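Trainee: For reference, the chains in residue letters:
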Amino acid sequence: MIYIQLFLAFFIPGIVGYGGGPASIPLVENEVVNRYGWMTTSEFSEVLALGNALPGPITTKMAGYIGFEVGGILGAAVAIFATVGPSLLLMIVLLRMIYRFKDSPKVKMLSKIILPAIAILMGKLAYDFFQTSYLSNGLWETFFIVIISLLLLEKWKVHPAFVIAGGLAFGAIFLS
Amino acid sequence: MRIQLNIFIAFFRSGMLGFGGGPAVIPLVYKEVVDTYKWMNDQEFSDVLALGNALPGPIITKMAGYIGYRVAGLWGMVTALIATVIPSFILMLILLTSFNQFKDNGKIQGMTNAVIPIVGVMLAVLTWQFMKNAKDGLGWKIGALILIVSFILMEVLNMHPGIVIGLLLAVALLTPRKKKGSKLKDEESAVL
Chain A
1 MIYIQLFLAF
11 FIPGIVGYGG
21 GPASIPLVEN
31 EVVNRYGWMT
41 TSEFSEVLAL
51 GNALPGPITT
61 KMAGYIGFEV
71 GGILGAAVAI
81 FATVGPSLLL
91 MIVLLRMIYR
101 FKDSPKVKML
111 SKIILPAIAI
121 LMGKLAYDFF
131 QTSYLSNGLW
141 ETFFIVIISL
151 LLLEKWKVHP
161 AFVIAGGLAF
171 GAIFLS
Chain B
177 MRIQLNIFIA
187 FFRSGMLGFG
197 GGPAVIPLVY
207 KEVVDTYKWM
217 NDQEFSDVLA
227 LGNALPGPII
237 TKMAGYIGYR
247 VAGLWGMVTA
257 LIATVIPSFI
267 LMLILLTSFN
277 QFKDNGKIQG
287 MTNAVIPIVG
297 VMLAVLTWQF
307 MKNAKDGLGW
317 KIGALILIVS
327 FILMEVLNMH
337 PGIVIGLLLA
347 VALLTPRKKK
357 GSKLKDEESA
367 VL
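Just so you know, the protein sequences line up as chains A and B, in that order.
Under my numbering, the residue at position 84 of the first sequence is numbered 84, and the numbers go up by one with no gaps.
Just add 176 to wherever you are in the second sequence, counting from 1, and you've got my numbering.
In case anyone wonders, no lab produced these hints; they're calculated from the structure.
Since the structure is predicted, the reported quantities are computational estimates derived from the model, not experimental observations.
We put the beta carbon where it would ideally sit given N, CA and C, even for glycine.
Hints are not guaranteed to be accurate.
Capping the alpha-carbon separation at 16 angstroms, the derived lysine to aspartate or glutamate pairs in EDC-like fashion look like this [as the list claims (entries may be wrong)]:
id, chain 1, residue 1, chain 2, residue 2
1, B, Lys308, B, Asp218
2, A, Lys157, B, Asp211
3, B, Lys311, B, Asp218
4, A, Lys124, B, Glu331
Stretch-level coverage of chain A by chain B, calculated; a stretch enters the list once three of its residues show a Cβ under 8 angstroms from a Cβ in chain B [as the list claims (entries may be wrong)]:
id, stretch
5, 2-16
6, 28-34
7, 42-54
8, 78-92
9, 113-126
10, 136-145
11, 156-163
In isolation and in its complexed conformation, chain A is listed as follows (with noise of 0.2 angstroms):
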């Protein structure tokens, strides 16, 4: 019966939430607290900024957390399938059918119409990365990390991983 309760309460938000993992994060807030009252608010609220601080997508970390605190490894099981499974499912449905006409010229002016869409999408991600940074970090550092991690990056090839690696040990020196 909970781990009923657990998948409705994370396929619900995941299929309505538009707008990736963050989208949906008030969603399962309305689940778990108001609708199963499996959480406190500020219980969510600390699993949330827990989420936040650690890497890699946050509504699995959540949904994997909040599934295991209610049903143990199961319910992790449960609720993270929940999140995961039913819109991958379609996604993977509707490539396989683009992919069958993919030598029609129609579709393949399918894909280049919609670059310049997805060039503004991860444009205006960029910009919200670097406005959190502005709020979080102040001008003048997050403008150094740009400055330098761009040389890195672009400049001299170095890998992300070593850039990443390298700007986590000047946060936790300089900005702690």
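Following the hints, position chain B against chain A.
Mentor: Using the frame of chain A, we list chain B on its own:
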């Protein structure tokens, strides 16, 4: 087996390095899938990204699952999902259940904060890359026109990206072939 290992490494690395949630993982996945392992080209990657944006649910797991599936079938999908989701989940579980003091630790906050602008740079580079591809594929006039129109629709009028992508796809399907088809360089166009 080798391919499963590569899939695991690609998505494990991008998951563990992406600070700032799913979107932060996108440029890292791009790096692995397009640059390191060459499982897809730019165009195919942007198709996956576009459809991922147009469908509901978390984007990065949709991308990981699909790319894993493309590269190595059902098991590839499972491997990619496990590598994306499980390591950070276990980290979260350990921190929340045993080291409760960690969440107030300023050092962790500072570390995360320092990585956010680095991710911003990677996203900006990817933005530039997509604009260049748009110019190469559509010509700079049509490319710029669509760029401006999508900016106005999404950022000024706050229309949902899924709707904008849907509109663009409709335009591509309804436009007569001859006009644009003749301008395209065919060897560059590859759809999934």
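Trainee: All hints, please: hold or fail.
Mentor: Hints, one by one, checked against the model:
1. Taking the CA atoms of Lys308 of chain B and Asp218 of chain B, the gap is near 11 angstroms; set against the 16 angstroms cutoff, the hint holds.
2. Among the hinted pairs, Lys157 of chain A with Asp211 of chain B is consistent with the structure: their alpha-carbon atoms are about 12 angstroms apart, no more than 16 angstroms.
3. Proximity of Lys311 of chain B to Asp218 of chain B is assessed by CA-CA distance (about 13 angstroms); at most 16 angstroms being required, the pair is judged to hold.
4. With a CA separation close to 8 angstroms, the supplied pair Lys124 of chain A and Glu331 of chain B stays within the 16 angstroms bound.
5. Counting residues of the stretch 2-16 of chain A whose beta carbon lies closer than 8 angstroms to any beta carbon of chain B gives 3, which reaches the threshold of three, so the coverage claim holds.
6. By the rule of at least three residues with a Cβ nearer than 8 angstroms to a Cβ of chain B, the coverage given for the stretch 28-34 of chain A is violated, with 0 such residues.
7. Evaluation of the coverage hint for the stretch 42-54 of chain A: fulfilled, as 8 residues show C-beta separations to chain B shorter than 8 angstroms, against a requirement of three.
8. For the stretch 78-92 of chain A, the stated coverage by chain B is satisfied: 9 residues place a CB nearer than 8 angstroms to a CB of that chain, which reaches the threshold of 3.
9. Judged by the Cβ-Cβ criterion of 8 angstroms, the stretch 113-126 of chain A is covered by chain B as claimed, because 14 of its residues qualify and three suffice.
10. Under a criterion of three residues with beta carbons nearer than 8 angstroms to beta carbons of chain B, the stated coverage of the stretch 136-145 of chain A is upheld, 4 such residues being counted.
11. Here the stretch 156-163 of chain A counts 3 residues with a CB under 8 angstroms from a CB of chain B, which clears the bar of 3, and the coverage holds.
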